[in-house]
Amino acid sequence: MSLTRREFAAFIAKFAVLTGIAAAIPAAASTPLNYRRPPGAVEEPVFKIVCVRCGRCVSVCPQKIIRQVSPLENLASAGTPVLVENGICALDFECDKVCPTGALQLLPKEKAKMGTATIERDKCIGCGICIKVCMPIVEAINWEDPKKKDKAVVDPAKCLGCGACVPECPVEAISLSPEGAYRLQFRWPSR
Amino acid sequence: MSKPVEKRPLPKVVKRRKLKPLRYAIQTISFIVLVLLVPIGILAVPAGICAIPVGDLWRIDCLYGFLQRFFSSPLNVALWALVAFVAVPFLGSLLLGRVFCGLMCPVGTVLDLLGKVKRVNYLGKLKLNSKYNKYAVLASFTAASAVTGFPVFCTVCPVRGICTAYGSIKPVELTLAAVPVALEFSEKRAWCRYFCPIGGAIGLAGFRKTLGLRITPEKCIKCKACMRVCPTGAITDESLATGEISRTECIVCFRCYDVCMCGAFAFGILPLRPAR
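So the sequences go chain by chain: A and B.
In terms of the working numbering, the first sequence is residues 53 to 243.
In terms of the working numbering, the second sequence is residues 98 to 373.
In short, the hints are calculated from the structure, not lab data.
There's no promise every hint is true.
What the hints assert, rightly or not - If you want the ones that stay clear, here's a sample from chain B, every Cβ over 12 Å from chain A, calculated: (1) L119; (2) R120; (3) A122; (4) Q165; (5) F182; (6) G246; (7) K319; (8) M324; (9) C359; (10) P368; (11) L369.
Claimed, not checked - Calculated lysine to aspartate or glutamate pairs in the DMTMM-like style (CA-CA distance at most 25 Å, straight line): (12) A/K66 / B/E315; (13) B/K222 / A/E95; (14) B/K267 / A/E59.
On a predicted model such as this, the values are computed, not experimentally measured, just so you know.
Every residue, glycine too, gets a C-beta built ideally from N, C-alpha and C.
Can you make the complete structure from the sequences, with help from the hints?
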């Protein structure tokens, strides 16, 4: 290994140019992800580092609602798992069980908050289907006024964002967002 | 009247069993396991070679993937846990050097399959054929990981592309894997030789490797057949005299071993310091 001065200069130049490209393109091409992560995901900056983009969670999901982000969509998160839009998570935690990296970690069902559902008050017709759907899961949807029973409302503290209520609503008043998701601190999984 | 031709003693031709079939066998098995079996879940490890789980607790990680992950988050102490997972590739490289590149890497296997395509040395014309390029790629993508906070090279890695594209065909991943193939039309193993940061990391880990190929200078007749056949340019004029093959460049593919007609190549323990 003997570098001439010319080779060394070329090395430094290539290093500088490549670093610029490799750091600038992801920064420019990466908008914040507006998708729900699978349950038990660690906090976002660490998630992007520890996840090896292997796709095991995608293949084991019984509901088939996990997909990998395309590099064209978001370079920084390319290959990491997100939930498909309005996909219903059955809270089996199969993804957490197979994750080899600790990016997805097993956690109690009540804590597995992937996002929040919101009901548009003006659209709601008060049929109560969503309340019945949510009842066996976490009882997050209740009547706004238990006596009048005309509008349903989501308790964001209880809602897991599993999406079970979304397709049941006859007037499409319910929407899901990844906001308020519970993201764990990274620790090495002790399985 | 012609000049009297200087008479040289004819070299003693040594016939040895060729190692080419062995190399093909290892490459085929690695390719089938890493690319064909692993992603469709027969071994239940679709990560290809980025992270191969061993049992429930252990893992074999990509050396360069670890480097990027580590620098992505230097303050996150929990990532020290990943150090144990590069123990196998790191110690393997320390001992054997770039044996992964020559015998196991699926991209390398694909490039070897291309064989004798018609080559135009456009990398030479663009002056991009420096072996130090791969260290520039290595250093810059590591620096970019530290700046952006995620493993940047992993998102464009052709090895990951080949390993993960097959299960459910992914066009973007396959396109990434086409980059080394395009470079192959310039020079043999041009990707591995000039650009691959994974090979660079493995090579750096094994720059004082203990097991490898060496030349016995007394047997060498300086026919330079090995230099012509070496896909990474690890053998130079100097190595014919000293017996030292570049330890960071040699991918232990045994092509030189097969081509040498006087049996000057031997695989064994190398001296700690290269002969000068």
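Taking the hints in turn, this is what the structure says about them:
no.	hint	result
1	L119	holds, 30 Å
2	R120	holds, 27 Å
3	A122	holds, 27 Å
4	Q165	violated, 9 Å
5	F182	violated, 10 Å
6	G246	violated, 6 Å
7	K319	holds, 22 Å
8	M324	holds, 19 Å
9	C359	holds, 29 Å
10	P368	holds, 16 Å
11	L369	holds, 16 Å
12	A/K66 / B/E315	violated, 41 Å
13	B/K222 / A/E95	violated, 47 Å
14	B/K267 / A/E59	violated, 38 Å
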